[in-house]
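Engineer: What follows is the residue order along each chain.
Number of protein chains: 2
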Amino acid sequence: MPIVLAANVEHSNVLLALVLMLVAAKVLAEVFERLRQPAVVGEILAGVLLGPSVLAWVQPSDFISLTAEIGVIFLLFNVGLETKPQAILAVGKRAFIVAVLGVIVPFAAGYLIAVLWGGSKIEAMFIGAALVATSVGITARVLSSLGLLDAPTARIILGAAVIDDILGLLILSVVSSFSKGEVNYWSLAGTAGLAIFFTLFVALFGTRLVSRLAPKIENLHISKPFFNAGLILCLGLSFAANYIGVAAIIGAFLAGMALSEATEDNHKMHKMTSGITEFFVPFFLVNIGMQLNLSIFKDVSVIFFAIIITTAAVLTKFIGCGLGALGLGWRRSAQVGIGMVPRGEVGIVVAQIGLGLAVVSEAFFAAVLFMAIATTLIAPPFIKILFAGEEAAREKTDADDAGGIIHETDDWSRIG
Amino acid sequence: MPIVLAANVEHSNVLLALVLMLVAAKVLAEVFERLRQPAVVGEILAGVLLGPSVLAWVQPSDFISLTAEIGVIFLLFNVGLETKPQAILAVGKRAFIVAVLGVIVPFAAGYLIAVLWGGSKIEAMFIGAALVATSVGITARVLSSLGLLDAPTARIILGAAVIDDILGLLILSVVSSFSKGEVNYWSLAGTAGLAIFFTLFVALFGTRLVSRLAPKIENLHISKPFFNAGLILCLGLSFAANYIGVAAIIGAFLAGMALSEATEDNHKMHKMTSGITEFFVPFFLVNIGMQLNLSIFKDVSVIFFAIIITTAAVLTKFIGCGLGALGLGWRRSAQVGIGMVPRGEVGIVVAQIGLGLAVVSEAFFAAVLFMAIATTLIAPPFIKILFAGEEAAREKTDADDAGGIIHETDDWSRIG
Numbered sequence: 001m002p003i004v005l006a007a008n009v010e011h012s013n014v015l016l017a018l019v020l021m022l023v024a025a026k027v028l029a030e031v032f033e034r035l036r037q038p039a040v041v042g043e044i045l046a047g048v049l050l051g052p053s054v055l056a057w058v059q060p061s062d063f064i065s066l067t068a069e070i071g072v073i074f075l076l077f078n079v080g081l082e083t084k085p086q087a088i089l090a091v092g093k094r095a096f097i098v099a100v101l102g103v104i105v106p107f108a109a110g111y112l113i114a115v116l117w118g119g120s121k122i123e124a125m126f127i128g129a130a131l132v133a134t135s136v137g138i139t140a141r142v143l144s145s146l147g148l149l150d151a152p153t154a155r156i157i158l159g160a161a162v163i164d165d166i167l168g169l170l171i172l173s174v175v176s177s178f179s180k181g182e183v184n185y186w187s188l189a190g191t192a193g194l195a196i197f198f199t200l201f202v203a204l205f206g207t208r209l210v211s212r213l214a215p216k217i218e219n220l221h222i223s224k225p226f227f228n229a230g231l232i233l234c235l236g237l238s239f240a241a242n243y244i245g246v247a248a249i250i251g252a253f254l255a256g257m258a259l260s261e262a263t264e265d266n267h268k269m270h271k272m273t274s275g276i277t278e279f280f281v282p283f284f285l286v287n288i289g290m291q292l293n294l295s296i297f298k299d300v301s302v303i304f305f306a307i308i309i310t311t312a313a314v315l316t317k318f319i320g321c322g323l324g325a326l327g328l329g330w331r332r333s334a335q336v337g338i339g340m341v342p343r344g345e346v347g348i349v350v351a352q353i354g355l356g357l358a359v360v361s362e363a364f365f366a367a368v369l370f371m372a373i374a375t376t377l378i379a380p381p382f383i384k385i386l387f388a389g390e391e392a393a394r395e396k397t398d399a400d401d402a403g404g405i406i407h408e409t410d411d412w413s414r415i416g
Numbered sequence: 001m002p003i004v005l006a007a008n009v010e011h012s013n014v015l016l017a018l019v020l021m022l023v024a025a026k027v028l029a030e031v032f033e034r035l036r037q038p039a040v041v042g043e044i045l046a047g048v049l050l051g052p053s054v055l056a057w058v059q060p061s062d063f064i065s066l067t068a069e070i071g072v073i074f075l076l077f078n079v080g081l082e083t084k085p086q087a088i089l090a091v092g093k094r095a096f097i098v099a100v101l102g103v104i105v106p107f108a109a110g111y112l113i114a115v116l117w118g119g120s121k122i123e124a125m126f127i128g129a130a131l132v133a134t135s136v137g138i139t140a141r142v143l144s145s146l147g148l149l150d151a152p153t154a155r156i157i158l159g160a161a162v163i164d165d166i167l168g169l170l171i172l173s174v175v176s177s178f179s180k181g182e183v184n185y186w187s188l189a190g191t192a193g194l195a196i197f198f199t200l201f202v203a204l205f206g207t208r209l210v211s212r213l214a215p216k217i218e219n220l221h222i223s224k225p226f227f228n229a230g231l232i233l234c235l236g237l238s239f240a241a242n243y244i245g246v247a248a249i250i251g252a253f254l255a256g257m258a259l260s261e262a263t264e265d266n267h268k269m270h271k272m273t274s275g276i277t278e279f280f281v282p283f284f285l286v287n288i289g290m291q292l293n294l295s296i297f298k299d300v301s302v303i304f305f306a307i308i309i310t311t312a313a314v315l316t317k318f319i320g321c322g323l324g325a326l327g328l329g330w331r332r333s334a335q336v337g338i339g340m341v342p343r344g345e346v347g348i349v350v351a352q353i354g355l356g357l358a359v360v361s362e363a364f365f366a367a368v369l370f371m372a373i374a375t376t377l378i379a380p381p382f383i384k385i386l387f388a389g390e391e392a393a394r395e396k397t398d399a400d401d402a403g404g405i406i407h408e409t410d411d412w413s414r415i416g
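Going down the list, the protein sequences come from chains A and B. When the letters of the first sequence are read in order and numbered with this note's numbering, they come out as residues 1 to 416. When the letters of the second sequence are read in order and numbered with this note's numbering, they come out as residues 1 to 416.
Just chain A, with the same shape it has in the complex (with noise of 0.2 Å):
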């Protein structure tokens, strides 16, 4: 009947897609919080059911993966805002640590399954590459609903992640030579450099030029300048870190440590900021389920694949993680070790090109995929029962606080 409305069916598909993945995140967000389980393992099944395993109501598009990327940048440029660059240097090296042995552990394991699994040697590569990348931004979400992301260890996964992310591509980098016959060591020492370089730049003097800059800034005459400066920082960082191969939350993670210092502005961004992070987040959550189509496992073979992978995904990562922070005691090497387990888009991404390069098979990819997404489900309620210890003490702080009465966290910051 709507005579007129031939001009906007894009525009109201999409309208009803953004409408459809909302309500189903919210739904199964407020389940979920109600069985007492994080909201985020809810919005992510929220896209298995949305998406083409089960209902298939809503079809992964550019639009829909653009729109999650958008939300999973906004995120983590609220986390850098809540995060001061010293408090990442001052875990730096424990961060390192367990940065390398979170990579080293599960590219290991994954190679020597794949190769037994019958793959080949570029293939088992490839596969060991996808575990290597933590996605950190479910571990963010979590900790950050549960008000913890200034606990130690939520630096050394933040620290962790970013080097995790640099790491991760460097192995890409060389496993994509390798299946292309040409490896070019100037050009790995390159993209390294680069990659290395911008981190360092921004993490070292970002603080500092953001706080020459912020008073020319406050004086500009458009409306909320500085938020609109940190907007753009934002989305300019996370194309740079795009664009040299890094992911681009680690730009727009960046771009909010930058700014994290200019504390009085960074309050009033903050707000501005998270009403934009609420928006998007759910969509980055269900986006990620949606990538799931349990089609693709016809073979029975290919289930037994994907629960040892993924069963090595969660280990490797783990122990690996935990291993470098073992220095800190066992809950928190706990800690450390389960919040760099989800995997997420990173290593579906890398599949994806494994797969682009045709020396994945569907079929490994498929086990991939299922790791991915599985491991992003499996995490986030055993990150809430092993931070319970910091998150009592913290309502403890914020009741004390209340009271008048304000305790320095002062072991928080002590370790490192």
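There's no promise every hint is true.
Because identical chains cannot be distinguished in the list, a pair is counted as satisfied if it fits within a single copy or across any two copies.
Unchecked claim - Once the Cα atoms are required to be at most 30 Å apart in a straight line, the calculated DSSO-like pairs of lysine-lysine come out as:
(1) Lys121 with Lys298
(2) Lys271 with Lys216
(3) Lys384 with Lys224
(4) Lys268 with Lys384
(5) Lys384 with Lys93
(6) Lys384 with Lys216
(7) Lys84 with Lys268
(8) Lys121 with Lys180
(9) Lys271 with Lys224
(10) Lys271 with Lys84
(11) Lys84 with Lys384
(12) Lys224 with Lys84
(13) Lys224 with Lys268
In short, the hints are calculated from the structure, not lab data. Being a predicted model, the structure only gives us computed values, none of them experimental.
Based on these hints, arrange chain B on the given structure of chain A.
Structural biologist: Chain B alone, transformed into the frame defined by chain A:
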């Protein structure tokens, strides 16, 4: 050099486009603010600059047009949050007269000019229809940045824009039917009935439904339940409006109005959505400018026709709507008239439909495109000048408030 870039080239390109649009918008907004001109004009010109007409750095795309649509949806949602239904209903009769005169006069003028210029009757009807629909986003943005959304003439403009959009839908339906040689009056009546029912239902009962549901929403376990419910309502009604055939922004505006009385939650929500709006609106404005393609003006006669149709577009809305508001005195009638001038994306959509039906020629389409963008550039400076008195009064009131004395700006609410 970045070997793994391939997988994210599209994301990379989109991020770059977003950064360029944001930077260009804010730089030109700053320039225009310093020239004491409305920032929106700078932001639209930023689009002209980046788009195919000048630099061609950013190409119009589905993603950008959807981002722009979300921008104007949140803009009108925010305007709705600041608009109580009674305030609009109180000026309903006046708004209706303004809307009707603002539809008849431009339609008649557009039709006559096109016929005199040698267009067919059907083509002339489309030109007339393209002159009908006010794009209230531009005016709302300017008034909002002046803090004048609750000026009485602002309410008349908002109410008239809603009615105007419904009338525009009907005219477009009739004209489209004519062009296909078949007018189904039942279908037309159905479209009209549905649009009117939807608008009146939400305007009259939305607030009551929301206030009944609000306590239940607040009891949900998810974080920020009221904000999330508001987002769902906003996108849901935008979709519904679009589906019925009226503009999505009408649905967003009605959603905002329905939530406008849940004052306490509204206040929190308003802060969070204002971040989303601030982020997205520049893309809406830049996207308008990007539609312009100056290369279509190869023919001098097209330039002449474009100038004539633009002049007619400005004068007929200004006079037609101004006449409808004449009872309020000259200055306020001029405020209403100029506020209804911008056509923006609505006029473009109408002309595109005509082009798609092969009844509107390329030359006429080019002229309408020019008119749609030119009216969004011409109106804002005059809006600023004509509302200068209200702005001064508002600033005085604010200053007095700050001094502890509260003046009821009662004279405003008595008008309607």
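Engineer: Using 30 Å as the alpha carbon limit, work out where Lys384 and Lys93 are close: within a copy, between copies, both or neither.
Structural biologist: Within one copy only: 26 Å inside, 57 Å across.
Engineer: Which holds for Lys224 with Lys84 at a C-alpha limit of 30 Å: within a copy, between copies, both or neither?
Structural biologist: Close inside one copy (23 Å) and across copies (26 Å); limit 30 Å.
Engineer: Between copies, within a copy, both or neither: which fits Lys84 and Lys384 at Cα up to 30 Å?
Structural biologist: within (24 Å within a copy, 42 Å between copies)
Engineer: First find the shortest C-alpha distance between Lys271 and Lys224 inside one copy, then the shortest across copies, and answer within, between, both or neither for a cut-off of 30 Å.
Structural biologist: both (12 Å within a copy, 13 Å between copies)
Engineer: Please sort Lys384 with Lys224 into within, between, both or neither, judging by C-alpha distance up to 30 Å.
Structural biologist: Close across copies (19 Å), not inside one copy (37 Å); limit 30 Å.
Engineer: Could you figure out if Lys271 and Lys216 sit no more than 30 Å apart (CA to CA) within one copy, between two copies, both or neither?
Structural biologist: both (22 Å within a copy, 25 Å between copies)
Engineer: Please work out whether the CA atoms of Lys268 and Lys384 approach to 30 Å or closer within one copy, between two copies, in both situations, or in neither?
Structural biologist: both (29 Å within a copy, 28 Å between copies)
Engineer: Under a CA distance limit of 30 Å, which applies to Lys121 and Lys180: within one copy, between copies, both, or neither?
Structural biologist: Result: close within a single copy only, 13 Å intra versus 63 Å inter.
Engineer: From the Cα coordinates, with 30 Å as the cut-off, is the pair Lys271 and Lys84 best called within, between, both, or neither?
Structural biologist: both (17 Å within a copy, 25 Å between copies)
Engineer: With 30 Å as the alpha-carbon cut-off, assign the pair Lys121 and Lys298 to within, between, both or neither.
Structural biologist: Answer is within; shortest intra-copy Cα gap is 25 Å, inter-copy 61 Å.
Engineer: From the Cα coordinates, with 30 Å as the cut-off, is the pair Lys84 and Lys268 best called within, between, both, or neither?
Structural biologist: both (17 Å within a copy, 27 Å between copies)
Engineer: Is it within, between, both or neither when you check Lys224 against Lys268 at 30 Å Cα-Cα?
Structural biologist: both (10 Å within a copy, 18 Å between copies)
Violation of the numbered hints given earlier is absent; every hint is satisfied by the structure.
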